[in-house]
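Visitor: Hey, can you work out the whole structure from these sequences and the hints?
Next come the chains, spelled out residue by residue.
Protein chains: 2
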Amino acid sequence: MMQRTDALTLDQHDLLAPLRDQFALPDGVIYLDGNSLGARPKAALARAQQVIEQEWGHDLIRSWNQSGWFDLPSRLGDLLAPLIGAAAGDIVVTDTTSLNLFKALAGALQRQASASTSAARRIIVSERSNFPTDLYMAEGLARWLARGYQLRLVDSPDELAAAIDSDTAIVMLTHVNYRSGRLLDMAAINQMAHAHGALTVWDLAHSAGALPIDLQGDDADYAVGCTYKYLNGGPGAPAFIWVAPRHQASFDHPLSGWWGHAAPFAMDPAFVPATGIRRALCGTQPVVSLALVECGLALFGHTSMAALRAKSLALTDLFITLVEQRCAAHPLQLATPRPHAQRGSHVSFTHPHGYPVMQALIARGVIGDYREPHILRFGFTPLYTRFVDVWDAVDTLAHILDQQDYDLDGERALVT
Amino acid sequence: MMQRTDALTLDQHDLLAPLRDQFALPDGVIYLDGNSLGARPKAALARAQQVIEQEWGHDLIRSWNQSGWFDLPSRLGDLLAPLIGAAAGDIVVTDTTSLNLFKALAGALQRQASASTSAARRIIVSERSNFPTDLYMAEGLARWLARGYQLRLVDSPDELAAAIDSDTAIVMLTHVNYRSGRLLDMAAINQMAHAHGALTVWDLAHSAGALPIDLQGDDADYAVGCTYKYLNGGPGAPAFIWVAPRHQASFDHPLSGWWGHAAPFAMDPAFVPATGIRRALCGTQPVVSLALVECGLALFGHTSMAALRAKSLALTDLFITLVEQRCAAHPLQLATPRPHAQRGSHVSFTHPHGYPVMQALIARGVIGDYREPHILRFGFTPLYTRFVDVWDAVDTLAHILDQQDYDLDGERALVT
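Chains as they are written, first to last, in our numbering: chain A, 1 to 416; chain B, 1 to 416.
Check before you lean on any hint, since a few could be wrong.
[Unchecked claim] Restraint-style ranges between C-beta atoms, simulated for each label pair:
#1 B:E411 to A:L313: 44 to 54 Å
#2 B:G148 to A:L313: 51 to 61 Å
#3 A:A115 to B:D165: 37 to 47 Å
#4 A:E53 to B:D268: 41 to 51 Å
#5 A:D11 to B:D71: 55 to 65 Å
#6 B:P337 to A:A115: 30 to 40 Å
#7 A:H247 to B:R338: 51 to 61 Å
#8 B:A188 to A:D71: 54 to 64 Å
To be clear, the hints were calculated from the coordinates, so they are not data collected in a lab.
The C-beta atom is built at its ideal place from N, Cα and C for all residues, glycine as well.
Guide: See the structure below:
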């Protein structure tokens with residue numbers, strides 16, 4: 001069986017290991033929750049000081065021009081583009097994932113409504129286990145439009161082929177499932193959707209920055225995602241939206257605020273959408289949070305998504321192997337697919353006492369998280385997670401389970 | 001005629017003068033644009049450091065609970081409530097003004113649709129000179145709902161009485177006009193709207209923090225506003241939404257994201273709205289920008305809205321008087337109402353060369369802004385503007401005009 005020294009040897013040979021120095025990670029903590037909130041790039045503190053002291057405090061209103069605040073959504077989008085197989089000019093960083101999903105869904109429905117010459121397409125296909133807010137936003141849009149749009153939810157991605165048909169307007173999926181960590185085959189699903197005349201809307205929350213994505217090469221239609229997980233943009237940092245170039249000229253959504261206007265400062269009482277992806281913008285953005293996104297994105301310039309993916313798979317392989325070896329006596333069940341082609345960058349195990357076990361881990365400095373029902377979730381961010389962290393985390397888990405050292409009656413926190 | 005020493009005397013007797021020390025204002029600048037971007041509270045830098053170093057960097061994901069990130073929209077709403085005549089628990093700080101307006105309009109339309117037993121109300125009354133994004137959001141919502149909703153725009157608030165009738169679903173107004181600075185009579189308009197069965201949606205962007213507002217006492221229905229102008233929350237800081245308690249239980253809007261769910265972490269695939277105002281929440285908020293809002297709000301604890309209003313009127317009175325005395329030879333026209341009851345906290349003058357005159361002022365350290373067409377706009381934030389600033393600003397303006405010291409051929413900046 002592997003020993004701790006073997007993990008240390010893996011770290012010694014890891015070409016990405018020096019990138020960890022770019023992050024401010026607390027002592028005594030093994031952070032396996034970067035899939036929920038990415039760690040802090042060291043550069044973020046100085047950047048915040050610059051924005052607050054110089055740009056806000058000293059330059060004041062002039063910063064909209066001279067510090068490029070108004071262009072930030074586009075500039076950050078251009079930095080993000082190569083990480084997800086998009087071209088510069090096709091992404092903006094703005095608003096929240098939920099809101100961007102709403103815009104993408106609305107745009108896709110509108111495109112279908114204007115394209116359909118025969119029967120109307122009224123079905124939005126998704127997974128029942130999709131991240132709930134995605135379902136809620138689709139439900140809200142469908143209910144309000146009151147034109148008979150309905151969600152058709154499958155229990156497993158394996159049922160998608162049967163669920164997508166000529167009634168399907170949109171296939172709305174999260175690329176990596178937030179709970180199971182299952183990675184979907186984006187190219188195959190786009191092809192399947194298009195064969196039936198459906199459009200795809202992808203949520204990249206758990207894949208952007210974690211693994212290579214090729215939106216253009218895989219022929220996706222719309223995509224949204226979050227910058228505060230694997231992209232390390234800061235808590236609740238603004239999200240992104242990408243629209244395939246072929247859909248941009250007709251992209252139309254109801255959240256038509258002044259930042260999406262062709263001439264925002266002409267103060268025209270009638271709305272005329274901007275050319276290209278800036279029509280996805282709406283209101284004034286939270287500049288301090290937005291500016292910090294750059295500190296996370298900049299770190300990807302030191303490596304490649306292929307190298308990050310290789311390390312991510314090595315980390316998750318090691319974690320699965322060690323847990324199954326060292327916790328074999330306990331009722332842990334792997335909830336994440338074993339094949340690499342179906343695995344994101346986090347690993348989930350179910351345990352009947354998942355919540356108290358996770359609390360015990362956190363109390364010992366191993367920070368993962370818990371998701372209903374019964375799921376212990378562990379994220380592995382290849383930019384800063386070490387192989388020895390994997391070894392130590394499993395060691396702690398094995399100890400807790402072997403000693404039954406967790407509190408079955410503990411109170412639950414508000415946010416789990 | 002008043003001399004500079006008289007202005008200095010006014011400052012010596014100003015009980016609010018010490019509050020200026022709470023702000024980091026640059027040397028050599030007279031900042032009269034706090035109605036666009038409020039100045040920086042000194043406390044904001046330390047707060048950002050705390051959020052970034054300790055809460056994000058050190059405590060990481062645990063901060064959602066232990067630093068109260070998840071509760072921030074409500075906690076900030078409670079701090080804001082007394083400034084605008086609302087009760088604690090009835091406001092959240094979240095998203096952007098445009099998006100919150102969309103929610104409020106949708107909620108009001110839904111309420112009207114479910115209340116109307118006879119003829120449907122299909123008209124949204126507003127001002128043609130309302131801030132454009134308000135009109136755009138209403139237009140986007142109306143167009144997408146495709147149920148015959150239409151905007152009816154008046155050219156002056158004096159035409160509102162004639163424009164509001166039994167077809168009116170909503171009266172949507174900005175309390176203080178962003179260009180003219182005209183303050184509307186909220187109580188009278190609410191009463192007029194209600195007499196016709198209409199609901200009111202108020203945008204407080206240019207009044208919250210600038211003058212006393214009594215949403216409950218004036219019987220308003222819905223209100224939204226911005227925290228980065230007179231509330232000094234930071235560039236693009238999240239906005240707020242208030243719903244009258246009587247409308248909260250039925251408040252329904254299409255942007256139904258997980259933060260507005262009754263049990264966000266139960267991960268239920270079906271949406272069930274939270275009780276009360278938290279149902280106005282949607283997605284994950286930009287925590288760093290959001291946290292800084294508190295630094296601006298906290299400063300209002302040192303004074304009262306009545307005291308701030310008294311100083312604001314004294315500042316704008318002085319500005320109008322001095323401009324009319326010292327620039328009488330030039331084609332400046334006051335665009336802001338003279339009566340106190342109709343004046344907000346900024347003053348606008350038109351000038352045929354408004355844009356280059358404003359650029360010349362800015363080049364000399366007097367920062368106001370320009371708004372199409374021909375409008376020189378000057379904001380007076382009573383928390384940090386001095387009487388001597390008013391004197392010096394007018395002195396600079398008079399000099400520029402007397403010497404024709406501005407560049408008629410200068411290039412225009414992107415953001416004006």
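Visitor: Checked against the structure, which of the hints given earlier come out wrong?
Guide: Violated hints (numbers, rising): 5, 6, 8; every other hint is consistent with the structure.
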